[in-house]
Amino acid sequence: MIHQNPLTLVTPVKNGEHDNLDALLMKIRQEIIKGSPQDFENLNTIHYARWILLEPKDADGKLQSDVGVRLVFSSDYDGDEDEHLTDLSTKCARFIDDMYSCCEDYPPPARRSPESRKIYLSRWRVKESAFFAGAPGRTLRQIRQENELRNYIWNFIKSGSWNNKSVNEIHNSIKENVLATKKFEWAKEPVKIPGVRWLGMAFLGLILLVLLPFIIIWVLIINFFLEPRDKPLGLTPSQVDEAHIKKLEEYEDLENQNQFTQVLIMKPGKMRLITLQGLMLFAKALIKNLFVNGKLMGIPTIHFARWVMIDGQKRMLFFSNFDGSWQQYLGDFIDKSGWGLTGIWSNTQKFPKTKFLFAAGAYDEEHFLAWSRYFQIPTSVWYCAYPHLSIKNVINNTYIRNDLFKELNETEAQKFLKRF
Amino acid sequence: MELELSDIQGYVVRGYKYMMYSRYVMLTVTEPALAKKFIKTNVPDVTNVTHHPTTHCLNFAFTSLGLKSLGMSRENLDNFTREFREGMTTEHRQRLLGDFDSSAPGNWRWGGPNNEEVHILLMVFGANKEIAFNYADQLKQQYIVSGLKEVCCIDGQTLPYNKEHFGFRDGISQPTIKGTGRSGPPEHDINAGEFLMGYKNEYNVYPDTPVLATVQGDTTLLPFDASGTGKRDLGRNGSYMVMRQLQQDVDLYWNFMNEATKNEDGSVNIEASIKLAAQMMGRWPSGAPIVKFPGKDPGGISDDDDFLYMEHDPDGSKCPFGSHLRRTNPRDNFEDNGVKESLRLTRRHRIMRRARLYGDTYVGSPLNHSPDGEVGLVFTCFNADISRQFEFIQYTWANYPKFKQLYNDPDPICGVRENPAPGTEQNFTIPCSPVNRYVTGLKKFVHTKGGAYFFFPSITTINYLTTI
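Listed in order, the protein sequences are those of chains A and B.
Just so you know, we're using the numbering used here here: the first sequence kicks off at 1 and counts up by one.
Just so you know, we're using the numbering used here here: the second sequence kicks off at 1 and counts up by one.
Chain B with its partners taken away, still in its complex shape (with noise of 0.2 Å):
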């Protein structure tokens, strides 16, 4: 299946990687006239996947509140998946992402019911400090006098060696768009319509699409939908985007980990340190998967994608179950599913991942662990169907402590509770011999800032939405 490259924005495509910094303005609408004028003008810069800008990049993200204040129609908007429409902060949401307690959307400094409104995404990327956040500032002119309002505004940046605040290499594994023109190792190459609108996804079915109900706009600027249905197709080489700020306490994780690793005399283990976290990530510093290096991190900058789990590791004595890593992607070893099975499943729960880093510029080790201020990352990711990718992944995966066969563990890095109800263990499990290693009184290193769900449109949508 050939995709339309030209018509979908780049971000869910390409990392960006040579974009060393970002700024993502977030806007809400004050004068729809204006804020579509604003739009319009700039759609003609707006990265498609098949430019390679060297200098800056820039793409658009809508909430569903956004495409209400442009004037989208609320038989219109009502095609839209519930997941979007209903955003990331209702309750039943809450406890599916498991934001409670200082990561309560109450607490938010943007995207939560005590925030203004955010209604369009502004994603800018330039090459180097200067060129991204000059022409932020130009763009900058233009939206503050043209009935939009910045609410919220995050720089972002990418560390050397794409390194996280903990000390991580970070976003090593990502699947791969068939018909993109990238290949990847087959168990990572995902049909389109896992992640655009308009393709058949794992199912070999089209994705759940925004249809238009009633006529607005310029809808001759719409193609017809995939599925056949004569109605015309919003959502065509479009994506939802999935937004969370999340802060990293970058010392009380290096102190968990030197606590329960220290010396008997109470020194820091560096080395054990460095594994406890390793092993809860599975991957090490360097990016290296513990799965294939259990012992020590063999250093130097690790791309390593190329392994899978059960030939080497099926008792998960080399990567606990129980890791980030191998429970957000678990490859070959998808419940107590066989080898081939898994691979087919776990396609039909990937996320493409984008994370930008903000505050300070700190890699994080067991001896280091106090940056300047706040820091933490914004993660962000694309996929078609929200409810059955990320947060299928958030909750099923992450926050669940049954996974397997486990009883008490959430993920150590992003699925513990802050306060968990009395008597509620929080655990993470090493499998070894003689017996199990048990890492007791997990907490919460990761805290939920802000964030919103979002519709990434085609560059035809953001046409036609500045016609409605």
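Next up, chain A with everything else stripped away, as it sits in the complex (with noise of 0.2 Å):
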């Protein structure tokens, strides 16, 4: 199985080079949003990618890195990075040199080369805390193929006369039709698909009980000690400044699918850092056993995420692609997985009031909302190879790609029918 993989790349821009690299952006942005495509298509691994400008100041104006504006870059990729660094130096040259060019120490024309390029990109690469695929597995390639094959059996189902047939008979006329028809040949292997990994999640859940005591201890500590000493941001969603909502709005629902980028910084302390990591590791190893399924802490509509430290780990990014609304998204949120939320992301600045690490926190719905549009900043560009795609929808194709070649039975065979 393939897997995909991210890839996140932190560049700090040449001093003056800004609003070059901004204008720039901004065109990539306008021309994907107008569908012209782009070098990195052509490379038929990315699912998603983005770019955006980091500013060192945070929300409040304050300094919180010397380093300047840098470029993110962040791709959601199929196979291994090595090979994604040499397409992307290799096929997306010409892309990548005018972007780069804007960036410290890129190499001059000159002494351009795949290689020159790779190690350069390279230099720059972060690792994530932690990744989550929705669809497992599922390359580009296979998400495209698995569409096209349900479109065409949709057709056929729809054109069809299906009258006094049994389902299995219309299952069979469906197989026979697509076995007919030479470009479906790969449709005939079936495809793993990842399923709960009970002995992990046994695993996991003797190591917690192992460690419940020290957590108990750690967590009423926070309580009592660190807690105490949070300040909320305390504004509600009608408070947040005019000018930044309406620069993410501007690029938001244009496709039934968004993005969604923040930059947190963390509380002062080892202890927060501490928690933070712990939950981290925690996250990964649900993200890896139980939400293998398209949901990530019970949310149906997450394609990718990531989380990502950056600055001597005094800052955290958080990168997400979702199907849908950022009111139903950040909704979501609270409503499936309010705790994890105010677990993790309470050990950044500013959350709203928390109990105990996990209670209130995101609950708390409209200082909540506030709080993640505060934190929230402008992604420059954004591209999603399948935007007229659900990951519900993704996750359908694939079954309905393996059951199509497999003997049903009747029951299964009108769950196979009912998926179109």
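Keep in mind that the hints are not guaranteed to be accurate.
Here chain B is said to cover these stretches of chain A; the calculated rule only asks that three of the stretch's residues, wherever they fall, bring their Cβ under 8 Å from a Cβ of chain B [stated by the list, open to error]:
hint: 1; stretch: 163-176
hint: 2; stretch: 250-263
hint: 3; stretch: 353-365
hint: 4; stretch: 390-400
hint: 5; stretch: 414-420
List of simulated lysine-lysine pairs, DSSO-like, C-alpha gap at most 27 Å [as the list claims (entries may be wrong)]:
hint: 6; chain 1: B; residue 1: K275; chain 2: A; residue 2: K165
hint: 7; chain 1: B; residue 1: K68; chain 2: A; residue 2: K418
hint: 8; chain 1: B; residue 1: K404; chain 2: A; residue 2: K406
hint: 9; chain 1: A; residue 1: K158; chain 2: B; residue 2: K443
hint: 10; chain 1: A; residue 1: K336; chain 2: B; residue 2: K178
hint: 11; chain 1: A; residue 1: K415; chain 2: B; residue 2: K178
hint: 12; chain 1: B; residue 1: K443; chain 2: A; residue 2: K418
hint: 13; chain 1: B; residue 1: K404; chain 2: A; residue 2: K336
hint: 14; chain 1: A; residue 1: K415; chain 2: B; residue 2: K275
hint: 15; chain 1: B; residue 1: K296; chain 2: A; residue 2: K158
hint: 16; chain 1: A; residue 1: K247; chain 2: A; residue 2: K57
hint: 17; chain 1: A; residue 1: K192; chain 2: A; residue 2: K415
hint: 18; chain 1: A; residue 1: K295; chain 2: A; residue 2: K127
hint: 19; chain 1: A; residue 1: K336; chain 2: B; residue 2: K340
hint: 20; chain 1: B; residue 1: K262; chain 2: A; residue 2: K158
hint: 21; chain 1: A; residue 1: K336; chain 2: A; residue 2: K295
Just so you have them, the derived chain A footprint on chain B, three or more residues with Cβ under 8 Å [unchecked claim]:
hint: 22; stretch: 170-180
hint: 23; stretch: 379-391
hint: 24; stretch: 433-441
hint: 25; stretch: 451-459
If you are wondering where the hints come from, they were derived from the structure by calculation, not from laboratory data.
Owing to the predicted nature of the structure, the values given are computational and were not obtained by experimental measurement.
Just so you know, even glycine gets a beta-carbon here, dropped at the ideal spot from N, CA and C.
Join the two chains, each given in its own frame, into one complex according to the hints.
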């Protein structure tokens, strides 16, 4: 199985090049909105990509880093990192040159080569603390193929006449028809769909059980010694800076999917950092063992998400790609996993008042929504390879592919037909 | 929690069922001092929840431009929610609400960027035509000399049995507001804070409310805010009101149903046509829910609102997942949540609907679908959080074609795009055995002709506004 992986590059922008880079990014943004193909699309391995300009100042105007403005690139791609970097350096050379010549230390034209580009890009690589893929193991090629197959069968069902046919007869007709269609040759091979790893979960439970006394003490310390010192943002949604929200909304709801980019500042002290790292490990374990079928903490709309620590663990980036609107997404977060969200994010500054690390916090809906917007930053360029597919569609399509050539009993065949 | 019923304008809580006629007058303020005097004179006649007038009712609503025109300071206005302040016609909101093509705000009759500004809405109701319009005329005599200019006026009415122009009974399912003394089934009994500011909502917190930032007018009139910040509260006992004038293309609607279900010889199959229309709606023309009567309309007049989906129709074979009713109020079937969780979550996305019809008093059916002139309804709803309630329902549940497991299915009544992007399908999926049935190429039957977000203040706040 080919895995999807995240790449995050954080590169300082050359002094004086900020405006040029911004203009270039805006140009690319417009092209993508209009649907003009970009170089990197030819790789056929990138599910999502985004570029943001990371300011050294935070939302309050306080300086958080002395590096200056940085260009952050992120991609969700198929295969291994080395190959991905090679691809970018060779097949998207012009694109990379245009963008990174605005950044510090980029090789001058005479010294640009696939190798020098790759070395340059690798230099700015930052490791993710955690990474979530909604449909693990499904490559971009597979997602596209399976959607083509689904559309083909849908049309076949729609145009046929099925009166007095049993579900198994219909399933067989579809099978025969697809078999006769050369381009779906690949579909005969079923794919492995990851399931919950109960052994891993049991092991995780065991570890938690052993650690439980320590966790309880830890949470009590946070509740009695750290939380009283917290300073929540205290704004309601209507009080968040208007221009800021406008800028974010400008790039939202253009399609049925959206992006979310947050830059969070850690609360001071080792204890908060350790708490976050512990929870990241926990999240990683859950993502690997439990959240394997399109839901992150119960939220059924996320294609990819990642958490990345930067600036010597002083700040954290959170990126996600999701179906539907911001209001729905944030609402889902509160409704489905307010506690998990609170546990992780409350280690960052100005989060709504929490109790015992996991309680209150995000459940204070108005303040939480305002806080989310406050720490969200505009994404300069966002690319999605399949804006017309929801994560549920992607997963459903794989089930269709796998069940197509299986021998199904009556119930299963009916279930198969209901997938259309 | 006791509600201060005599301070709440009546229309949030009651639908004025016996007021068969209405006139909505949109006004623009030309001389604020006179306008305030006009309002002040009429405050005693404003209908509150405890009033039960038999002849006529009066309510006031204000746009953010209206509050500004009366002299509200920027700082005070800034504490109203952003949705209200920005209004319905920003580019982003246009995308959320799906107001494109001929429904684009640029083509609106009122409330759009090419129309005169709407500041104040006068909502006049009467038990019959004569009372309603006489009362409206009386008020007109006053406002035309009170620094107020009429921008637009829509006469509305309630058709017999509360039918709308497509031919269906409307407004059957409504939430009841806890504390108003009215009660309904527990799943419809919703915390007051979902509709009124100053009370706790379904998250058990106080909704965002416009508190006073700078001293202006007679602030002693205003109560302090419920969450205890010690600030004076303009929002308490008030609500936000969404209003959209929706034109209904009755001809296109029934032609579409007839065409999709016609007999082999091309003739209209009345029964099948009505059935398809009912599947798209989620109720039969009589109002009977199709989840309870999947075969055919039991006839008569039904107020039946006592139903859930999961027990009798988990796979949507009676009431399709894509139907207007099941999408916009999924009851116990919210996405793929369990029954209990669904019921809990659905409560956070309810609105109090009010509709008044305009145009020819016409009730459509498969063989009668040519009303005289334009017909439609003035859709009105109340909520405390426009973004989480009205806009969520319109975007996430109605317009969004990926609802549940669907691929290309917008709400067939109110979510279809007039000119979808090339290659985009708009379908309605009817779960059937052995294979689903698909109605393709949906047409837009409902067009937006105007709209605005209003503040629907308490009577105290209306009084206060006359002092700024």
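Hint check:
1. Restraint check on the stretch 163-176 of chain A versus chain B: 4 residues with Cβ-Cβ distances below 8 Å, three needed, restraint holds.
2. Beta-carbon proximity to chain B at under 8 Å applies to 5 residues in the stretch 250-263 of chain A; the threshold of 3 is reached and the given coverage holds.
3. Look at the stretch 353-365 of chain A against chain B: 3 of its residues bring a Cβ nearer than 8 Å to a Cβ of that chain, three or more, so the hint holds.
4. Restraint check on the stretch 390-400 of chain A versus chain B: 4 residues with Cβ-Cβ distances below 8 Å, three needed, restraint holds.
5. Taking a C-beta to C-beta cut-off of 8 Å, the stretch 414-420 of chain A contributes 5 residues in contact with chain B, enough for the three needed, and the coverage statement holds.
6. For the hint pairing K275 of chain B with K165 of chain A, the CA-to-CA distance comes to about 24 Å; that is within 27 Å, so the pair holds.
7. Between the alpha carbons of K68 of chain B and K418 of chain A the distance comes to roughly 54 Å, so the proposed pair goes past 27 Å and is violated.
8. The straight-line distance between the Cα atoms of K404 of chain B and K406 of chain A is roughly 26 Å, inside the 27 Å bound, and the hint therefore holds.
9. Between K158 of chain A and K443 of chain B the CA atoms are separated by roughly 19 Å; this keeps the pair inside 27 Å, and the hint holds.
10. For a cut-off of 27 Å, the pair hint linking K336 of chain A to K178 of chain B stands: about 25 Å separates their Cα positions.
11. Between K415 of chain A and K178 of chain B the CA atoms are separated by roughly 42 Å; this puts the pair beyond 27 Å, and the hint is violated.
12. This hinted pair checks out: K443 of chain B and K418 of chain A have alpha carbons roughly 25 Å apart, not beyond 27 Å.
13. This hinted pair checks out: K404 of chain B and K336 of chain A have alpha carbons roughly 16 Å apart, not beyond 27 Å.
14. A distance of roughly 25 Å separates the Cα atoms of K415 of chain A and K275 of chain B; the hinted pair therefore holds under the 27 Å criterion.
15. For the given pair, K296 of chain B sits about 25 Å from K158 of chain A by alpha-carbon distance, which is consistent with the 27 Å threshold.
16. As the CA atoms of K247 of chain A and K57 of chain A are separated by approximately 17 Å, the hinted pair is consistent with the 27 Å bound.
17. This hinted pair checks out: K192 of chain A and K415 of chain A have alpha carbons roughly 19 Å apart, not beyond 27 Å.
18. With a C-alpha separation of about 23 Å, the suggested pair K295 of chain A and K127 of chain A falls inside the 27 Å cut-off, and the hint holds.
19. Of the pairs offered as hints, the one joining K336 of chain A and K340 of chain B holds, with about 13 Å between alpha carbons and a cut-off of 27 Å not exceeded.
20. This hinted pair checks out: K262 of chain B and K158 of chain A have alpha carbons roughly 17 Å apart, not beyond 27 Å.
21. Taking the CA atoms of K336 of chain A and K295 of chain A, the gap is about 10 Å. The hint holds against a cut of 27 Å.
22. Counting residues of the stretch 170-180 of chain B whose beta carbon lies closer than 8 Å to any beta carbon of chain A gives 0, which falls short of the minimum of three for the stated coverage.
23. Given a C-beta distance limit of less than 8 Å, the hint that chain A covers the stretch 379-391 of chain B holds, as 3 residues qualify and 3 suffice.
24. Interface restraint, the stretch 433-441 of chain B with chain A: holds (6 residues with C-beta to C-beta distance below 8 Å; minimum three).
25. Coverage of the stretch 451-459 of chain B by chain A is violated. Counting CB-CB distances below 8 Å, 0 residues qualify, and the rule asks for three or more.
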